[in-house]
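The lines below spell out each chain.
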Amino acid sequence: MQIQAEENVESHPNTDHGVIISTRDVNVYYGDNHALQGVSLNINKHQVTSLIGPSGCGKSTYLRCINRMNDTVDGCRVTGEILLDGVDIYGPDVDEVLLRARVGMVFQKPNPFPKSIYDNVAYGPRIHGLAQNKDDLDEIVLTSLEKAGLIKEVQDRLHSSGTGLSGGQQQRLCIARALAVRPDIILMDEPCSALDPIATAKVEELIDELKENYTIIIVTHSMQQAARISQQTAFFHLGEIVETGNTEKLFTSPSDERTQGYITGRFG
Amino acid sequence: MSSGHIVKSFDEELEDVRNTIVEMGGLAESQLEAAVRSLTERNTELALKTIEADKAVDSLEQEVDNKAIRVLALRNPVADDLRLVISALKIASVLERVADYAANISKRVIALNTSPSLAPISSIPRMGDMVRRMIDDTLKAYAIGDPDLAYDVWRRDQEVDQLYNSMFRELLTFMMEDPRSITSCTHLIFMAKNIERIGDHMTNIAEIIIYQVTGEMPTEPRPKGDKTSVTMIENENP
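For the record, the sequence lines run as chains H and Z.
At position 264 of the first sequence the residue is numbered 264 (the working numbering), and the sequence of numbers has no breaks.
At position 144 of the second sequence the residue is numbered 144 (the working numbering), and the sequence of numbers has no breaks.
For the record, the hints were derived by calculation from the structure and aren't laboratory data.
Each residue gets a CB set at the ideal place from its N, CA and C atoms; glycine is no exception.
Warning: the hint list may mix true and false statements.
To be verified - Beta-carbon label-pair distances, calculated as ranges:
id, chain 1, residue 1, chain 2, residue 2, range
1, Z, Arg37, H, Gln231, 33 to 43 Å
2, Z, Arg155, H, Thr79, 49 to 59 Å
3, H, Ile198, Z, Gln158, 48 to 58 Å
4, H, Asn246, Z, Arg70, 25 to 35 Å
5, Z, Asn76, H, Gln231, 16 to 26 Å
6, H, Lys249, Z, Ser229, 48 to 58 Å
7, Z, Arg222, H, Asn33, 47 to 57 Å
8, H, Lys249, Z, Ser9, 27 to 37 Å
9, H, Asn33, Z, Arg133, 56 to 66 Å
Make a model of the complete structure from these sequences and hints.
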């Protein structure tokens, strides 16, 4: 399979909300533990999809299937089909390094490399050979920082350490780092849980802007955050998807009792 | 409704909002009943009391508003909780209007009682009773969250409209026959209109209840039977 990084972003108009990822009957086992049970879910292009559910429900496991992060876990087995633009990402010809460039990830705790702000963002493009020369690389770094809404705060200190930034800035640096390799999809695993409300608002605003050009899947424990930023929401419970659909519908009149119980705080 | 919230005080706050609505509805219902009785009994004192009682409903509406705003601000309700709070805000404002109509009827009773009775009032208690039962069933549907009963109330409004139509015609005829009755008949028409409007408001509340319980608005077109706004007396312009 050819996993092309950038063409896909440009070749589709931003208003196209067709399905970019199609998941069919996905099961994940960690040894004997059947963590994800027959999950089928479609992710729409250029929209934000929230995955919600109690701890251990399988939402992070699902997220990690999409860029094959689970491959690195010992004893983890994935069955079923995950199609990215119609191509099975677990197919034999798939290069997972290229896959992970196309499907970027941002984690719960900001994890900048112990390098300069510039080098943090330049790291991916250097590895993937995305820049022909220094000017190219500068361009990628500055554009990524700008897209991540961080440029104004760091333009005078691009060569100071990324770890010296505040938590919120570090998280946006991690987003810039993900953007630098020109992904189509960005996976976010509770990206705001370590941030204060202002930093959270900035990341949420950023997510809202980024959805113009990227498809975003976010795992969050904050119901309000899911309601604020996503267009689609999927509710996971005990390794299954209970309900999925339009966020507004799910938060005003969910169809399933369990969804209602969880989002209203009645779940034991 | 599923089991209680993990945070029990949230349940208590929602219950409190719900109880305040039921209390408001009970007051509004008894005010309509008293207003109509003050007419049949020609009881000015009761009419005065009914006007005075409107203040209690006003202050309960304020109470519902405050409680609902508090829940919205502090609990960020979603799904059925959100629908309950939004519905309470809307129902409270409708019930406040209902009590205003009862007070208005009472004011007209006081005016009517200053002169001897010249007009037929019999349809008013009949309408009043019909609408009072609609209020009663609406409150029942609200308290137990029964969309079928709400639908039933919703459909019954047409009967009230029909009664109002025939009463309107009857009073017009009466005025033509005896112009001395024009003042009292006009008051009666307004009273009947007030009661008819209360019926309309019950259909509003019924719709809100259906939405609150099911998450969807009624799909049938709303029954409409009040034709008086297009009614002319025959041979009015020969």
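Okay, the hints, checked on the actual structure:
For the pair arginine 37/Z and glutamine 231/H, the supplied restraint of 33 to 43 Å is violated, since their beta-carbon distance comes to about 56 Å. Arginine 155/Z and threonine 79/H have their C-beta atoms about 54 Å apart, which keeps the hinted 49 to 59 Å range intact. At roughly 56 Å, the beta-carbon separation of isoleucine 198/H and glutamine 158/Z lies within the given 48 to 58 Å, and the hint holds. As the Cβ distance of asparagine 246/H to arginine 70/Z is approximately 29 Å, the hint placing it in 25 to 35 Å holds.
At roughly 20 Å, the beta carbons of asparagine 76/Z and glutamine 231/H sit within the given window of 16 to 26 Å. Range check, lysine 249/H to serine 229/Z: about 38 Å between beta-carbon atoms, so the 48 to 58 Å window is missed. Between arginine 222/Z and asparagine 33/H the beta carbons are some 54 Å apart, a value that agrees with the proposed interval 47 to 57 Å. The hinted range of 27 to 37 Å is satisfied by lysine 249/H and serine 9/Z, whose Cβ atoms lie roughly 28 Å apart.
Hint check: asparagine 33/H to arginine 133/Z, Cβ distance near 60 Å, so the stated range 56 to 66 Å holds.
Violated hints for the displayed structure, listed by number in ascending order: 1 and 6.
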